[in-house]
Every structure is written in C-alpha cells, then in structure tokens.
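Please put together the full structure from these sequences, using the hints given.
Spelled out from the first residue to the last, the chains are:
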Amino acid sequence: MLQPAREILRFRSLLATLTSRELKARYRGSVLGFLWSLANPLLLLAVYAFVFGFVFHSRFEGAQPYAVFLITGLFPWLWASSSLLEGSMSFIANAGLLRKAVFPVELLPTVAVLSNLAHFLLALPILGAALVLGHLLGYPLGGWAALLMPFIVLLQLPMLVGLTLGLSALNVHFKDVRDIVSNLLTLVFFLTPILYPLSTLDAYPALWWLVRLNPFTPFTLAYQQTLFFGVVPDAELWLQMVLVATVAWICGAWLFGRLRETLVEAA
Amino acid sequence: MAERDEVIRVEGLSKLYRRMAPGGKLKTLKSALMDRSLTRGLRPEEAITALDGVDFTVRRGEAFGLVGGNGSGKSTLLKVVAGILRPDAGRVTVDGRVAALIELGAGFHPEISGRENVYINGAVLGLTRRQIGERLDSIIAFSGLADFIDEPVKNYSSGMYVRLGFAVAVHTDPDVLLVDEVLAVGDEAFAHKCLRRIEEMLAAGATLLFVSHDLGLVEGLCDRVLWLDRGRPQRLGPPRRVVDAYRQAVAEAESAEHREAKEEREREAAEDGRNERRWGSKQARITGVRVLAGGDERYNLTSGEAVSFELRVEAARPLTDFVFGIQLSTPRGVEVWGTNTHLAGFVAGRLAGAAVVRLDCPRLRLAPGEYLLDVAVHGRDGAPYDYWSHALAFSVTAAEQGIGVYFPSHRWRFAGGVEWEAGSGDGGEGQPIGGEAEVAGKSASGERREATEQGAVTEQGAVTAQGAVTERDGAVEPGRTGSAEAAAGADGGRGEADAPGAPTEEPGEP
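Note that the protein sequences, when read in sequence, are chains F and S.
Mapping to numbering that gives the first Met the number 0: the first sequence position 198 is 197, numbers consecutive.
Mapping to numbering that gives the first Met the number 0: the second sequence position 297 is 296, numbers consecutive.
The hints are simulated quantities; they were obtained by calculation from the structure and are not laboratory data.
It cannot be assumed that every hint is accurate.
[What the hints assert, rightly or not] Chain F stretches covered by chain S per the calculated footprint, using a threshold of three residues with CB under 8 Å from any CB of chain S:
no.: 1; region: 23 to 31
no.: 2; region: 242 to 251
[Stated by the list, open to error] Partner residues are not named here, just some residues of chain S that face chain F (Cβ under 10 Å, in silico):
no.: 3; residue: M33
no.: 4; residue: T56
no.: 5; residue: G82
no.: 6; residue: R85
no.: 7; residue: A88
no.: 8; residue: I119
no.: 9; residue: L124
no.: 10; residue: T127
no.: 11; residue: V355
no.: 12; residue: L358
None of these values were measured; they are calculated from a predicted model.
Even for Gly, the Cβ is constructed at its ideal location relative to N, Cα and C.
Structure below.
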C-alpha cells in the first residue's frame with residue numbers, strides 16, 4: 000500500500016519539475032495567465048451567489064454573509080473535483096511518456112492533484128480578503144482556528160492522491176471512468192454541505208445522514224469550521240478525516256498496484 | 000568472459016500482445032486485477048507473439064545490433080530491455096544506467112520553451128536539476144538550437160525536436176544506450192554528429208543496443224548483430240554474416256513476391272481480355288515469361304550476373320512474319336533497354352505450335368533498383384500479335400550504391416594531393432593513376448569488399464558518390480578519435496580492413 004507513496008517521495012524533485020511544467024503550460028499563451036486561477040473560482044462563486052442568494056432568496060441560518068460561507072466550502076471543493084477529473088485522465092493524457100520512458104508512473108496523478116492544489120492556494124488571498132471584509136462588516140467570522148487549515152489540506156492530500164491513482168489506472172482500461180467520475184462529482188457536490196449549511200437538513204434525517212456520510216463532508220465541515228466559523232473541529236471530525244483519507248488511499252493504491260504493470264500496454 | 004562483463008542478459012524472453020477483442024474489456028480488467036497481466040490466460044487466437052524465446056548477452060563496451068523487418072519485435076525488445084515493457088516469460092537483467100533513445104523528447108510539453116523542456120526531459124531521464132544546469136550549455140550546443148531554445152517546442156520542426164531529445168539523452172551519462180532508429184529523423188550532419196557521439200560513448204565503455212533499418216550502418220557500427228523475424232531470433236553473430244543472411248532472406252522474399260505477382264498476371268491473362276497491359280491480335284500468344292539467373296527462376300538479381308529472359312510462345316496458326324522483343328524499364332517509366340529479333344538481324348522463317356525464346360545476357364549491369372519487363376510478339380511492321388507490358392518485375396542489388404540505371408565496372412583512382420582514410424573507399428589507398436590499367440569492376444556477385452549499400456551513403460557517401468568536394472565529414476579531419484576511425488574504416492572497407500579495429504572475436508571471412 001505504501002509503495003506508491005515511497006515512489007512519490009523518492010522522485011519528489013521530478014514531481015516538482017512535472018508540477019511546475021503543468022502550471023507553466025496551463026496558462027501559457029493566455030493573456031490573463033495565472034490570474035485565471037483567481038478568476039475561475041470567482042466567476043463560479045458569482046454564479047452560485049447570484050442563483051442561491053438572489054434568485055432563490057435562500058436565507059440560510061448561520062451562513063451569513065452567504066458569499067463568504069460559499070467560498071470556504073467551494074474553493075477546497077474545486078481543488079478536489081478538478082484533481083479527480085484531471086487526475087483520472089493523467090495516464091491517458093501522458094500515454095506518450097508512459098510508453099517511451101522508464102518512469103515512476105504514480106507521479107502523474109499526483110501532479111494533477113498538486114497542480115490543482117497550487118491553484119487552490121493561489122486563490123486563498125480571495126478567501127482571506129472575503130473573511131476580512133465580512134469581519135469589517137460586523138460578522139463574527141474567522142479567527143485563529145484558520146491556522147489549522149493546512150492540516151486539513153494535508154489530510155485531504157492522501158485522500159485525493161489515493162483516489163486519483165485508482166481512478167486513473169482504471170480509466171486506462173475503461174474510458175468510461177471519466178464520464179462516471181464527472182457525473183458523480185456533480186451529484187456529490189450537491190450532497191456536500193457547500194451551498195448550504197448542514198443544519199438546513201436537520202428536519203430531514205435521511206437526507207442529513209446521506210450528506211453526513213459523504214466522504215467529502217468531513218473535509219468541507221472542517222474547512223467551514225476553521226475558516227468561516229473560527230472554531231476548532233472536534234476530535235471526532237479529525238478522526239473521520241483520517242479515516243476517509245486512509246480508506247481512500249488504501250483502495251486507490253491497491254487498485255493502482257494491481258493494474259500498474261498493465262498500464263503501459265493498455266494506455 | 001567474466002560474468003560481470005555481461006551488461007545486458009536476456010534469457011528465454013517472450014512477449015505477447017493481446018488482440019483487442021470487442022467486449023473483451025471486462026475480461027481484460029479481470030485478468031489484470033487477478034494476476035497483474037493482460038496476456039496470461041489468453042487463448043492463442045487472442046494473443047500476438049511479439050517476441051518468442053530470445054536469448055543473448057551483451058558485454059560491456061560492445062555494440063550490439065538488431066535487424067529485422069517491421070513488426071519483427073526489435074522495438075519491443077528494446078522496450079523490454081529498457082524496462083518500459085515487462086516480459087511475459089524469461090528474464091532480462093541490465094547492469095547500469097540505461098538511456099533509451101527510443102522516441103526522443105518523451106515528455107516534451109509543446110507549450111513551453113525548449114530550455115524548460117530540457118529540464119523536464121532531463122528530470123524524466125533521471126538527472127537532478129543541478130546536473131541539468133551544469134550540462135545545459137553543452138546540451139544546447141550539441142542540439143545546435145541555441146537560437147530557438149527559448150521558443151515553445153510546439154514551433155519546432157520534427158528534426159529540431161529529435162535534436163533536442165537526442166542532446167538531452169546523450170548527456171545523461173548512460174552505461175547502456177538503447178537506440179531505436181532515431182538517427183533517421185535528423186539531417187545528415189546531425190546524424191553524423193550523433194554517430195560520433197555514440198562512438199565516443201562506446202570508446203568510453205558504454206554498451207550499445209542498436210536498432211536500425213540502415214543495414215550498412217549496423218554493419219559498420221556493431222560488433223555483433225541479432226536478426227529477428229516475427230519475434231524469433233534467426234541468426235546471431237558477426238555483423239556481415241548476419242546482415243548478409245538477412246539481406247538474402249529479404250531478397251528471396253522479394254523474389255517470391257515478384258514471382259507471385261507475375262503468376263497472378265499470368266492467371267489474369269489466361270482468363271483473357273481482362274489485362275489492360277496486354278494487347279494484340281493473338282495470332283501468336285505469349286504463354287509464359289521467366290527470368291533465369293544461375294540456372295534458377297529468380298527475381299532478385301545481382302548487378303553484373305548472367306541473366307536470361309525466357310518467353311514461351313504459341314502460334315494459333317503457322318506464321319511466317321514474327322518478331323520477338325523485350326524491353327526493360329523502371330517503374331517510373333524510364334526505358335532502360337530494349338531489343339528484338341528483327342533488330343538483331345533475324346529474318347522470320349516459320350513459327351508453328353509452341354516455342355521457347357530465350358535472350359541471354361552474360362553480364363546484366365543494371366544499377367540497383369526495381370525493373371519492369373515488357374515482352375512482345377509482333378509482325379515486322381510492328382503490328383502486335385501479343386504485346387505484354389509489365390509482364391513481370393524484378394529487383395537488382397549491387398555491392399555499392401549508385402544512381403541511374405547503368406552500373407558499369409569502375410574503379411576510382413587518384414593522383415596529387417588527395418588523401419583518404421586508411422582502409423576506406425574501395426579497398427585501400429586507391430590506385431595511383433598511371434599504374435596498370437583496368438581492374439575488373441567489383442565482382443557484383445556480392446563479395447562486398449567495399450562499401451556496403453547504405454553504409455556508403457551515410458558515412459562514406461561523399462567519397463563514393465559525389466567525390467571529394469562536398470562533405471568530407473571526418474575522413475580528412477585530422478583529429479578523429481581512434482574508434483571513429485575504426486568504424487569509418489569498418490563501414491567502408493570491412494573486407495580488407497578487418498584487421499585493424501575489428502573486434503577480436505569476429506571470425507575471418509570465408
């Protein structure tokens with residue numbers, strides 16, 4: 000199970016090179032360049048804030064200002080979902096590299112996760128600015144608990160790398176994986192308390208449990224607690240994150256390990 | 000030979016590829032999950048054997064060549080040795096750092112600059128950032144792309160792409176160099192540069208596994224050669240023997256192909272009327288055409304050998320006016336030579352029933368290439384009874400390349416301030432002008448004392464074909480390395496030049 004992790008750590012300098020290649024190539028030739036890392040989530044945020052805050056007039060209790068609440072869940076979610084989407088394609092997209100060079104293939108899905116993490120981190124100033132602004136407007140937002148956020152990122156990292164390892168290996172054999180993943184992500188997005196606080200569902204126990212058992216929920220809750228509410232997540236939540244990360248890693252690494260030797264030929 | 004000198008050891012290597020059966024996806028995945036292989040448990044019709052029982056070892060410092068047709072498994076073998084593909088059976092052990100020059104520029108990203116790609120490619124090939132930084136200038140200089148190094152790679156030509164890829168690959172200090180037909184993409188000058196570099200690395204103790212369709216190059220560069228045919232090793236040994244055996248097999252296959260095509264045409268002709276390339280009144284008919292060489296029906300000829308063209312004809316009714324003719328042309332329509340019995344002064348008497356007509360050419364000195372044969376029976380006024388255009392095709396090979404259609408016996412001679420690399424060209428120092436006259440041309444039956452076919456073009460082309468004026472890459476340059484010199488000599492004058500620079504284990508020529 001730990002073999003992929005060892006390989007990733009052993010080739011960390013190559014990993015860094017490949018990630019920076021990804022980042023450099025991403026916006027090469029575009030006028031705004033890396034500003035798209037800020038613009039993309041902002042535009043999405045504007046759409047959601049408009050639809051839910053203005054059109055639907057949603058007045059979520061304890062989630063005001065709504066746009067700031069949205070950011071704290073949405074930005075990490077964008078990291079997770081684009082990592083999974085891009086990561087599951089990484090072997091197919093880099094088939095040339097797989098077939099032509101002796102290469103630690105586990106790096107490729109990891110590159111997808113890390114380059115999207117970089118975009119997430121680049122967008123953090125927006126999140127910070129939103130929190131400060133909310134604070135200045137008199138909302139009781141944020142606090143020292145925000146300093147715990149890096150630990151949540153560190154827990155979500157193995158979860159995402161594990162999942163992308165498994166998905167990308169599977170995708171080499173079944174091109175359907177990509178479509179399944181993208182549709183599943185849309186579904187899971189609405190089953191994660193990002194657009195609404197979990198307490199909204201208190202009246203619907205079945206739905207509440209469905210959302211609560213969603214593996215992405217503990218992370219979303221933790222981001223919201225540390226960043227938006229300024230609360231330190233309780234031990235139970237940390238434990239859930241550790242559990243999800245471990246299980247995701249084990250499943251992904253197992254699948255990858257079984258399929259690893261077949262990748263070059265099938266890609 | 001001590002064990003530790005074996006750098007590459009391949010034992011009983013087999014490699015299968017699966018045929019993609021529709022709907023076999025789930026099965027594929029299941030077998031991959033169950034036993035980590037895509038090919039185990041496949042039925043014979045579901046698998047293609049890419050390599051079958053290949054054994055060989057390569058010693059430190061040796062240049063080992065692989066030849067064979069397309070799909071013979073050469074590239075698969077290289078990829079297995081590189082560790083990119085896994086064998087289905089057998090074992091491959093490689094001792095040392097491998098650089099696989101298989102498809103160059105693996106991992107180049109089109110959007111970013113050549114310089115940045117050097118870093119990435121170098122990292123993929125196992126160099127640290129600092130090592131790449133130290134070698135960057137040398138890499139760029141070698142690639143000859145200094146002016147374009149900050150351009151995005153997507154603007155590079157395919158040749159530039161390969162130049163940069165090769166430059167990075169040879170700067171990784173490999174112990175084992177795997178080269179797959181990469182020299183074909185760059186221009187002549189760069190190919191020479193790459194070869195020199197490969198030879199320098201060999202001289203420094205690197206080991207080479209070399210795949211090329213350039214047989215002359217393989218002969219010149221390699222110490223031993225393995226010929227693969229559909230994944231099975233055919234022959235392993237000194238380059239000349241193996242390459243000759245391979246050439247022979249190719250020529251025989253070509254001959255068989257020509258013969259089949261001819262028989263097909265004859266069948267069509269027998270069914271009559273369907274042949275656009277055949278016309279005439281059919282008062283007399285051609286019932287068969289053959290090319291005979293060395294007493295056998297053969298369609299792969301060696302320039303200068305004795306060849307006979309044979310026609311079988313049949314007259315429906317006895318004829319008193321008839322001429323037999325043949326004509327040779329190239330596939331591009333150039334008429335090479337034609338003659339007929341009328342031109343030769345024969346005056347027709349009587350043709351009745353079946354007859355055989357044979358034209359003997361004691362030395363058919365055609366330049367290497369493909370030729371088509373037209374045959375005809377017609378009246379003295381030219382009215383065709385049976386005119387058969389492109390009745391058959393045959394190929395001609397020669398010990399030395401040349402252009403055009405005629406291959407006269409010839410010999411270069413020099414006087415004054417001309418000097419050649421010892422042992423290069425046609426067998427030594429060249430004959431001084433004013434020595435004894437006329438030496439019978441190369442006996443074309445393939446003694447191959449001199450330049451081998453392609454070898455003559457790549458390394459020595461300037462000498463044999465264009466004369467000394469154009470490019471004299473290396474040959475007159477004073478400071479060539481010993482190994483390059485030996486290889487240049489080996490390239491050209493293997494026969495006589497075997498003694499200096501030839502590997503010790505190569506047995507003398509028969």
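Quiz item: Hint numbers the structure violates, sorted upward?
Solution: Per hint list: 2, 4, 7, 11, 12 violated.
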